[in-house]
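Student: These protein sequence lines map, in sequence, to chains A and B. Numbering-wise, numbering that gives the first Met the number 0 puts 53 at position 54 of the first sequence, and it's gapless, one number per residue. Numbering-wise, numbering that gives the first Met the number 0 puts 173 at position 174 of the second sequence, and it's gapless, one number per residue.
Fair warning: there could be bad hints in the mix.
Claimed, not checked - Selected chain A positions facing chain B (in silico; Cβ < 8 Å):
# : residue
1 : S165
2 : D167
3 : A171
4 : G176
5 : D185
6 : P189
Unchecked claim - Residues from chain A that keep clear of chain B, each with C-beta distances beyond 10 Å, as calculated:
#  : residue
7  : A23
8  : L30
9  : I31
10 : T38
11 : V72
12 : R82
13 : L89
14 : L114
15 : K173
16 : M175
17 : S178
18 : A190
19 : M208
Please keep in mind that the hints were generated in silico from the structure rather than gathered at the bench. For each residue, glycine too, the CB sits at the ideal point set by N, CA and C.
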Amino acid sequence: MAINENKIYSPREKIVKNVGKGLAYNIMYKLITILLAGTVWYIASWRLNSDLLLPSPFTTARAFLNAITDEVVLKNISITMVRVFKGFGLSMAIGVPLGFLMGFSKIANNILGTLIDSIRQVPIMAWVPLTIIWLGLGDGPTIFLITMSGIFPVILNTITGVQNISKDYYNAAKTMGASRWSILKDIVVPATLPDIMVGARLAMSLGWMSVI
Amino acid sequence: MRLEINDISKSFINNGETHQVLKDISFTIEEGEFVTLLGPSGCGKTTLLTIIAGFQQAEEGEIVLNDKKVVAPGPDRGFVFQNYALFPWKTVRENILYPMKQLKVPKAEREKRLEELLKMAQLEGKGSLYPHQLSGGMKQRTAVIRALASRPQVLLMDEPLGAVDFQMRKDLQEQLEAMWIKDRTTVIMVTHDVDEAVYMSDRVILMSNEQGKILADLSIPLERPRDREGKKYTMYKQQLMDLLGNKTIKKKETIYQVV
Numbered sequence: 000m001a002i003n004e005n006k007i008y009s010p011r012e013k014i015v016k017n018v019g020k021g022l023a024y025n026i027m028y029k030l031i032t033i034l035l036a037g038t039v040w041y042i043a044s045w046r047l048n049s050d051l052l053l054p055s056p057f058t059t060a061r062a063f064l065n066a067i068t069d070e071v072v073l074k075n076i077s078i079t080m081v082r083v084f085k086g087f088g089l090s091m092a093i094g095v096p097l098g099f100l101m102g103f104s105k106i107a108n109n110i111l112g113t114l115i116d117s118i119r120q121v122p123i124m125a126w127v128p129l130t131i132i133w134l135g136l137g138d139g140p141t142i143f144l145i146t147m148s149g150i151f152p153v154i155l156n157t158i159t160g161v162q163n164i165s166k167d168y169y170n171a172a173k174t175m176g177a178s179r180w181s182i183l184k185d186i187v188v189p190a191t192l193p194d195i196m197v198g199a200r201l202a203m204s205l206g207w208m209s210v211i
Numbered sequence: 000m001r002l003e004i005n006d007i008s009k010s011f012i013n014n015g016e017t018h019q020v021l022k023d024i025s026f027t028i029e030e031g032e033f034v035t036l037l038g039p040s041g042c043g044k045t046t047l048l049t050i051i052a053g054f055q056q057a058e059e060g061e062i063v064l065n066d067k068k069v070v071a072p073g074p075d076r077g078f079v080f081q082n083y084a085l086f087p088w089k090t091v092r093e094n095i096l097y098p099m100k101q102l103k104v105p106k107a108e109r110e111k112r113l114e115e116l117l118k119m120a121q122l123e124g125k126g127s128l129y130p131h132q133l134s135g136g137m138k139q140r141t142a143v144i145r146a147l148a149s150r151p152q153v154l155l156m157d158e159p160l161g162a163v164d165f166q167m168r169k170d171l172q173e174q175l176e177a178m179w180i181k182d183r184t185t186v187i188m189v190t191h192d193v194d195e196a197v198y199m200s201d202r203v204i205l206m207s208n209e210q211g212k213i214l215a216d217l218s219i220p221l222e223r224p225r226d227r228e229g230k231k232y233t234m235y236k237q238q239l240m241d242l243l244g245n246k247t248i249k250k251k252e253t254i255y256q257v258v
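Use the sequences and the hints to build the structure in full.
Tutor: Below is the structure:
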């Protein structure tokens, strides 16, 4: 394909072009990281020369390939994924409305804040025996733990998001005759969305971590 | 349209000290006037504007718009914020349509008004851009037409040109004036810039920062567009600066110096 240097790009094309470029760089940097880490790993395993202490990257890759083609492992991965998504979904479904409530209402923030801050301090593992008694074996305790570890970042980030909305946006909407519902739907939710996404990302990664 | 400001008083408590920003302020604004509230920082002009808008309440006195007492913000009073307060998650088009949707303006009429406003603000073809993609001047014009979209009785502007540099400010004053000549909505604008006040307004209400009172109420019956070098123009400017007093001129703000 010939590259025409003089082509004038529309804003949309520019964005697409730059995104493509950004993605290519991103992949390149990631490859460099993997290559560097792999080299260090390989040299270390070669010096140690013991599969027990440190298997080489190639042995590990082979084991990984074997594992992900094994039906039992695949089945277990899918079970875990379903649990993580269920737990994540629950922490979003409970955390976001709670965060909105606490962000808006000082009274709710004071009452629920104390409760949430104390529950938040309980180490996630300390819940394990209790949840087994409460929910039995099976999916229950795992989903509970995933929800438990994800819900706090969701709540806290949503509160921050709601509290940081500029008063001018509310006032602007009111001078335009906006109803309460419209202020919530058209102002509060979109203005808070970036913070909710931060909470969701944290919840997702914490969810994966608490699975084990 | 008739807007009455009746005996408005307001004070703030700062570090245990009561500071009277507005004391028994009264005046009346008639249909189609371009009125400027002029005064040094801290004189309470923005406070007065936000009381008219209904964002906050006065301790004493009342604002009456067309025989109805103002108690809360409403679409009969459009507001242009100093930082524009455009919704960053909406495009220019969506920002301008928003007030009309809230007022349930029929779709065909909405679109017609949108085109009209974009044309007036020389923003044709920019409707699909987001606020962060606009220049300062374009943002300012978008903010003005968004406030005009609901056809308010009165347009309130809080230092709408406060955030731009000197040369740009002059250009924007001219653009704003051109828009106003086409629209003729009643305007109350807050500014601390004497030149801007004389260039833009039919009437200047001069406020002092000492007792929260009105120093002067001056009408400027010059033809538009105005000649900044003109004899009468400079005379009005000088008169306002004299009224503001040497004390204010010598304060650290240089905005009152003759340019």
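Student: Enumerate the violated hints, using their earlier numbering and listing them in ascending order.
Tutor: Per hint list: 15, 16, 17 and 18 violated.
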